[in-house]
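Build out the structure end to end from the sequences listed, making use of the hints.
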Amino acid sequence: VQPFDRRGDEVVVYGLGNFLSNQSANCCIASTQDGMIAMLRIEEQPAGGFLVAESTYVATWVDRSDYTIIPVNETLAAGATLDGSPISADLRSVLQTSRGRTQSAVTALGADGWGARPADNTWSLPD
1393 VQPFDRRGDE VVVYGLGNFL SNQSANCCIA STQDGMIAML RIEEQPAGGF
1443 LVAESTYVAT WVDRSDYTII PVNETLAAGA TLDGSPISAD LRSVLQTSRG
1493 RTQSAVTALG ADGWGARPAD NTWSLPD
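Just so we're aligned: 1409 in my numbering is position 17 of the sequence shown, and the numbers increase by one with no gaps anywhere.
Check before you lean on any hint, since a few could be wrong.
Stated by the list, open to error - Have a look at the derived ranges for each label pair, beta carbon to beta carbon:
| id | residue 1 | residue 2 | range |
| --- | --- | --- | --- |
| 1 | Asp1482 | Cys1420 | 15 to 21 Å |
| 2 | Met1431 | Thr1489 | 32 to 38 Å |
| 3 | Ala1445 | Leu1408 | 16 to 22 Å |
| 4 | Ser1496 | Cys1420 | 33 to 39 Å |
| 5 | Asp1504 | Gly1440 | 28 to 34 Å |
| 6 | Asn1418 | Gly1440 | 52 to 58 Å |
| 7 | Tyr1459 | Pro1438 | 23 to 29 Å |
| 8 | Gln1488 | Asp1458 | 17 to 23 Å |
| 9 | Asp1482 | Glu1435 | 39 to 45 Å |
| 10 | Asp1475 | Glu1435 | 31 to 37 Å |
It should be emphasised that the hints constitute simulated quantities derived from the structure, not laboratory data. These figures come from a predicted structure and were not determined experimentally. All C-beta atoms, glycine included, are put in the ideal place defined by N, C-alpha and C.
Structure below.
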């Protein structure tokens, strides 16, 4: 995962990390399991053109055992995976660490100062 940035009125998302990866723990550091879904709400301006009105992201984590993409905040909030299985204390710790790495990466260039933030605890896209 790489930072969000702002260049004038434009939002730049440098890298989304791994959404799906078959990299094993033998080759790669833990952060290669981190990813995110960037969600940018774009509004048409009355005078013409478009503007990014809201910048959010869903932190994700790849479970290497079966390549499931886990939405981090939603899973932590529910205490269960998307199929309803309770998460273990070990997985909770891993997801919390992943969430911290993702947040640090996204905000490394000051994105939290101009409003980029984690999306609400939801896996679905907004209407």
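Does the structure break any of the earlier hints, and which numbers would those be?
2, 4, 7
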